[in-house]
Amino acid sequence: MTEKTIKVDYLARVEGEGAMYVKMEEGKVVDLHFKIFEPPRFFEAFLRGRSFRDAPDITSRICGICPVAYQTSAVNAIEDAFGMVVPDSIRELRKLIYCGEWIESHALHVYMLHAPDFLGYESAIHMARDHPAIVERGLRLKKIGNDLLALIGGREIHPINPRTGGFFRAPTRSELEALVEDLQWAREAAVATTAWVAGFEFAPFEQDYEFVALSHPDEYAIVDGRIISNRGLDIAAQEWGDVFEERHVEWSNALHTVIKERGAFMTGPNARYSLGFEKLYPVAQQAARKAGLAETCSNPFKSIIVRSVEMVHACEEALQIIDRYAPPDRPFVPATPRPSVGHGVSEAPRGICYHRYEFDDDGLILDCQIVPPTSQNQLRIEEDLWSYVPQYADLPDDELQWQLEQAIRNYDPCISCATHFLKLTVERS
Amino acid sequence: MTTRMVPITKPKLGVFKFASCDGCQLSLLDCEDELLAVASAVNIANFPEASRAVEEGPYDLSLVEGSVTTLHDAERIKEVREQSVFLISIGACATAGGIQALRNWKNVDDFVRMVYPTPEFISTLDRSTPISYHVEVDFELRGCPISKGQLLEVVAAFLQGRRPNIPTYSVCVECKRRGTPCVMVSDGTPCLGPVTQAGCGAICPAYNRGCYGCFGPMESPNTAALSRWWRDELGVAAPDLVAAYRGFNAYAEAFKSAGDECEPGDSHD
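So the protein lines, in turn, are chains A and B. Count the first sequence with this note's numbering and you get residues 1 to 429, in order. Count the second sequence with this note's numbering and you get residues 1 to 269, in order.
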């Protein structure tokens, strides 16, 4: 009998601090934990007593990579609570800034966090020594996403412009038109990205996932929608608590979200794509087909292709919104607080972000619940690893470790969101 | 910062994270036009968010993001300090305790119970504190998030052995420079600009909203005058005034005392 322990201090190239513990006996996994020990920051506690006006600004600070997701889900929930309806022109602007976030976040993950795994580099900076043109393409894509985000939001990290009811200031047509040429370039670059990543070697690893994503009758859902799955789930955000529950496990500072009746599920790019392929713009569908991707993607490693396809879609979406853009008459709808409860969802780059708030008659927050996508994927990541480790049990420790890191990075986990540190420990006996 | 010899080998850069949102270290990756140049000027030796290659210390320059909220982190920051020739704290969490310092006015055990079903699994300190409360810091770069331009200036200054050129005047100066009419004077919109350090580029007033203090107090903030103006001229109620100071830099000394003064009877330590 061989006894072996592998300890790794970080899982790198994720947003946050997490750890992994794997215990093996005779080549079999006997225990496995995906740990999140990012220090808790207690957003749901200190939001109590704050005004509804503070919620989008404060919750954006949960995550520097996807602040728009938090702002959008927050304003959706507040508007639901106060019975506000925003005009289409404002919803269009919300989609547009969200496209900026999808492009920057996906470009960051595809080029800087995920691709180096497939090509055997420690980082994108190492990769740039051999592939400077490719890394520069990724950086330019990322920059264009950030430029769009910053134009509408005021800045790319923690934008200041989104508010309950809309925006403080709506951009002019000419300001947006100035981005068209870059976005056209980005759309082509995203198509090229899809072809590039499709050439990587993928582990033949498929799981029978319950995909959970937002659904909209006419759109590839980003800013709102019903919550659906491939196992019959079809609910409004208001019914979240009936279907999902959060469980607290000792090894993680992030709560595990499960479907009460069934357990783990997957949210994020593969779920959106597999449930919403027909809603993608033709240019994105075509890129997917050329990449050899079927209309359902059950291989989490191929999420890098799906993210690239979604970048194509987001660029096209942004271009179409700009093309038909007319500034709203007023940049926001005034809010009228009332004692109420509201729910909001949107599709962060890494999956559904759910918010619920309860308000008093002055619009002060009495109670709230925020469920980030990485909390939802946490258990699913563990389940992937249970299936994945045995296939590679014979690999040398350093190679096994890299494989496992990659299996976790498939989910683009944002551990800051879910609370953060990836430390990998493999014990073999 | 003392003058130093131009190093023959590339200086080693470390990026360390404490309780935070990752946004400030992301600012380095968001320098899309400069990132590869930075990587050729310094050896990015320890930056887990970007690379799985980690070189052991010591580091010539360490950028530290996040606040200290756990006993483990209170020890870890001492190790980072020991490993660092220069240590620069970046962002509102690292320089002022961040938004999570709102716990400092409350009982953290209540917070744990509000958020987590099994409170005994959670280990946390009752205060969120800036890096400078724990170790000596060579420079503090403000902002929630920091400005990319200021980050590059700080790294360049370090490479050139000079003091970073980071202004400590107020956001008002940036509004004037940008040609933005004063939102307090023209619209009666409450604005923290007069007491807040510049650095963001005065974004909020340019988007028709008041500054909400992301860069923390400027060097000589007259918060008493601003509080009086908000209250007497703009009709802002005391609880809203307190909430304005208790934002992302709530535990920065000048904002902490200004907030506490607006709420007599609730002062704390």
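Just so you know, the hints here were simulated from the structure itself, not pulled from any lab data. The C-beta atom is built at its ideal place from N, Cα and C for all residues, glycine as well. Take the hints with a grain of salt, since some may be wrong.
Claimed, not checked - A short list of chain A residues far from chain B (calculated; beta carbon distances all over 10 Å): (1) Asp31; (2) Glu44; (3) Leu113; (4) Ala128; (5) Pro132; (6) Thr172; (7) Val243; (8) His248; (9) Ala291; (10) Glu358; (11) Leu385.
Claimed, not checked - Computed footprint of chain A on chain B; a stretch qualifies when at least three of its residues, placed anywhere within it, have a C-beta under 8 Å from a C-beta of chain A: (12) 62-76; (13) 201-213; (14) 251-261.
Cross-check of the supplied hints:
no.	hint	verdict
1	Asp31	holds (18 Å)
2	Glu44	violated (5 Å)
3	Leu113	violated (8 Å)
4	Ala128	violated (6 Å)
5	Pro132	violated (8 Å)
6	Thr172	holds (13 Å)
7	Val243	holds (18 Å)
8	His248	violated (4 Å)
9	Ala291	holds (25 Å)
10	Glu358	holds (13 Å)
11	Leu385	holds (17 Å)
12	62-76	holds (count 3)
13	201-213	holds (count 7)
14	251-261	violated (count 0)
In the structure shown, a violation is registered for the earlier hints numbered 2, 3, 4, 5, 8, 14, in ascending order.
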